[in-house]
Every structure is written in structure tokens, then in C-alpha cells.
Amino acid sequence: MKRVALVTGGTAGIGKETARGLARAGFAVVFVGRDRQKCEQVVEELRADTGNADIAALTADLSRLDDIRRVAAEFRAAQPRLDVLVNNVGAIFDTRRVTPDGFEQTFALNHLSYFLLTNLLLDLLVASAPARIVSVSSAAHRFVSGVDFDDMQFERKPYAAMRAYGQSKLMNILFSRELAQRLEGAGVTSNSLHPGGVASSFADNTTGWFRLTATALKRAFGISPARGAETSLHLATAPELERTSGKYFERRRESPTSAAAADRAAQKRLWQVSEEAVGQAFPPPAGVAS
365 MKRVALVTGG
375 TAGIGKETAR
385 GLARAGFAVV
395 FVGRDRQKCE
405 QVVEELRADT
415 GNADIAALTA
425 DLSRLDDIRR
435 VAAEFRAAQP
445 RLDVLVNNVG
455 AIFDTRRVTP
465 DGFEQTFALN
475 HLSYFLLTNL
485 LLDLLVASAP
495 ARIVSVSSAA
505 HRFVSGVDFD
515 DMQFERKPYA
525 AMRAYGQSKL
535 MNILFSRELA
545 QRLEGAGVTS
555 NSLHPGGVAS
565 SFADNTTGWF
575 RLTATALKRA
585 FGISPARGAE
595 TSLHLATAPE
605 LERTSGKYFE
615 RRRESPTSAA
625 AADRAAQKRL
635 WQVSEEAVGQ
645 AFPPPAGVAS
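So for the sequence shown, the numbering used here puts the first residue at 365; every next one is plus one.
Watch out, some of these pointers could steer you wrong.
Claimed, not checked - Derived DSS-like pairs: lysine-lysine, alpha-carbon spacing no greater than 27 Å straight-line:
{"id": "1", "residue 1": "Lys-632", "residue 2": "Lys-611"}
{"id": "2", "residue 1": "Lys-366", "residue 2": "Lys-402"}
{"id": "3", "residue 1": "Lys-366", "residue 2": "Lys-521"}
Said to hold, decoys possible - What follows is a list of derived Cβ distance ranges for each label pair:
{"id": "4", "residue 1": "Glu-604", "residue 2": "Arg-461", "range": "39 to 49 Å"}
{"id": "5", "residue 1": "Pro-444", "residue 2": "Phe-513", "range": "13 to 23 Å"}
{"id": "6", "residue 1": "Asp-512", "residue 2": "Ala-417", "range": "45 to 55 Å"}
{"id": "7", "residue 1": "Ala-417", "residue 2": "Arg-520", "range": "35 to 45 Å"}
{"id": "8", "residue 1": "Ile-587", "residue 2": "Gly-643", "range": "36 to 46 Å"}
{"id": "9", "residue 1": "Arg-388", "residue 2": "Arg-520", "range": "26 to 36 Å"}
{"id": "10", "residue 1": "Glu-640", "residue 2": "Ala-493", "range": "27 to 37 Å"}
{"id": "11", "residue 1": "Arg-460", "residue 2": "Ala-417", "range": "19 to 29 Å"}
{"id": "12", "residue 1": "Lys-402", "residue 2": "Glu-548", "range": "16 to 26 Å"}
{"id": "13", "residue 1": "Ser-619", "residue 2": "Ser-509", "range": "11 to 21 Å"}
{"id": "14", "residue 1": "Ala-441", "residue 2": "Ser-509", "range": "41 to 51 Å"}
{"id": "15", "residue 1": "Gly-643", "residue 2": "Arg-506", "range": "27 to 37 Å"}
{"id": "16", "residue 1": "Asp-512", "residue 2": "Ala-645", "range": "16 to 26 Å"}
These aren't lab readings, by the way, just hints derived from the structure by calculation. Small disclaimer: the values here were computed from a predicted structure and weren't measured. Heads up, the beta-carbon is just placed ideally off N, CA and C, and yes, glycines get one too.
All chains should be modelled from the sequences, with the hints used to inform the complete structure.
Put into C-alpha cells, the structure is as follows:
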């Protein structure tokens, strides 16, 4: 049976190139995007480019909990297995925005989407083992000294875009590592990565000087989305990484993180806070020791 991969944020940038690479590697690929028309265009592009007809898209705004739950349900209804999940969607916002669920948008999109979608599909990943979970983080996790659990969503302190983004990328590593602990012995790995400074659309939700600066920097120094996708694809497919879990990679190599990203207490606390945020507890899947 053909292996199945799910990629979030798959209509542009490294998400699109990750989907392309997985399709070329022979996976049946499903990706998630916000715009239905764009999703349809990318499906046709990737099918034509790779010669792989098993490419499909789901449309959703992954900053919304209902949409995340719908994506999980639609994926499960259409696919019998899940071998690779790539949590890739992410953005930076220059002003504080609140989702319909009441969450600051950086926290909702960049962290809660990873947490909730992964957990809603975790039993399918375990049933498909050996399977892999790849979470795209960033070297920007070093922008903060830790998660501010007392004011994660900038409700009291002034909003700062880079701090919010950096905190969300730190959360990606903390989540990935806690997940690796919970999945020990299940045949499912969980790793995170920094894709590099990619010339992508991640700052398209910003305006004014922030957007102009981000655009100038990515044009001057950004690597291509295809190069940015290399580490995600390496973690998703490299045979030598079948048993590697709980690690952080840059340029296809294991790399150290900040001390904050290795904080076991913070990993456990973030899991608990995230369960409370989505209103759902996630014990280890059946057959996996806690």
C-alpha cells in the first residue's frame, strides 16, 4: 500500500516544496491550504510536475479549532493510514490579532494547529507505524528566553511580533520533544527543524515597514523554498532516521537548541496548557505506555 503524507501550509513556500518532494518520493500526498482555488491550482501543478496522481488538498484556516477538527475528520474519512505528518503552516503578524476562538493568532496558528491536528491523528500514525511527525520550527526560537506562561498571548504586556513568533517557534520544539517522550516505543518519531532563512510568504500577513523590511531581507539573503524544504524532507524520508526522535535539525543535521527548548518542565507544562486551550485531553494512544 502506498505511504500517505499530510502537509499543512502546502500552497506556497517550503510547504509546497515539501509536498512536491514527498510526491516525487512516491507518497500519496494531502496538503492543507486556506484558499480553495489556490489549492486546486497547486494540486494540478504538482500532479503534472511529479507524475504522481495521488495528490489532494483540504481547505481550512488552521488558526481555527473547528477547521482543524474538520481537517482531521476529512483526512480520516479519505485515507486509511498516515505515515508522515509535516506540521509546516506558520506566519508572523505585525499587530496583535485574535481568532474567533479568542486566541492570539500567532499562538493559534503556529502552535495550537500543530498540537491539535497531531493529536487528533495520533492513533492513525501509531497504527501506520513506522511513522514520522515533522514540525517546522525556526532558529527564531532563540529570540525568547522561555515561554511566558503567565502571559503567553500578550494580553497584558505590549505585543511584539518577533517575540510572539519566536515564542511560537520555541513552542514547536517543546511540543515535538514532549510528543517524542510520549511516543517512545510506539514506532512513531517526532522531530523539529529550522528550515533556514527562506524567501517565502510567511510575512505576507504584515504591513508597512515590517513587511517592506521582511521582503527586502528575504530577497537579499533568503534561500529558495526548495532548499528550505530539504530538511523537512530529510526528516520525513531518510532511512537512517527511522528511530531518531526528539531531536532538532538544521541543514539536515542534528543541531543544538537553546536551553529553554530543552526544559522538560516547560515541555510538560505547555502540553497541559495546550490541552486546556483546545478543551480536550490527549493521553497516550492505546498500547503506548504513559
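Practice task
Return holds or violated for the Cβ distance of Gly-643 and Arg-506 against the range 27 to 37 Å.
Solution key: The hinted range 27 to 37 Å holds for Gly-643 and Arg-506, with Cβ atoms some 31 Å apart.
Handout entry: Satisfaction of the hinted span 39 to 49 Å by the C-beta atoms belonging to Glu-604 and Arg-461
Key = Taking Cβ atoms as reference, Glu-604 and Arg-461 lie about 41 Å apart, which means the hint holds.
Problem - CB-CB spacing for Ser-509 and Ser-619 relative to the 11 to 21 Å hint - result: holds (19 Å)
Practice task
Just tell me: holds or violated, for the beta carbon distance of Ala-441 and Ser-509 against 41 to 51 Å?
Solution key: holds (43 Å)
Practice task
Determine whether the Cβ-Cβ distance between Ile-587 and Gly-643 falls within the hinted range of 36 to 46 Å.
Solution key: At 39 Å between Cβs, range holds.
Problem - Restraint status (C-alpha distance of Lys-632 to Lys-611 at most 27 Å) - result: Satisfied, since the Cα-Cα distance of roughly 16 Å is no more than 27 Å.
Exercise for the section: Return holds or violated for the Cβ distance of Asp-512 and Ala-645 against the range 16 to 26 Å. Expected result: Since the Cβ atoms of Asp-512 and Ala-645 sit about 24 Å apart, the hinted range of 16 to 26 Å holds.
Exercise for the section: For the range 35 to 45 Å, tell me whether the beta carbons of Ala-417 and Arg-520 fit it or not. Expected result: violated (52 Å)
Problem - Range agreement (Cβ of Phe-513 with Cβ of Pro-444, hint 13 to 23 Å) - result: Since Pro-444 and Phe-513 have Cβ atoms about 39 Å apart, the given range 13 to 23 Å is violated.
Handout entry: 27 Å limit on alpha-carbon distance, applied to hinted pair Lys-366 and Lys-521
Key = violated (49 Å)
Practice task
Below or equal to 27 Å on CA atoms is what counts here, so check Lys-366 against Lys-402.
Solution key: holds (26 Å)
Problem - Range agreement (Cβ of Ala-493 with Cβ of Glu-640, hint 27 to 37 Å) - result: Since Glu-640 and Ala-493 have Cβ atoms about 29 Å apart, the given range 27 to 37 Å holds.
The earlier numbered hints that this structure contradicts are 3, 5, 7, 9, 11, 12.
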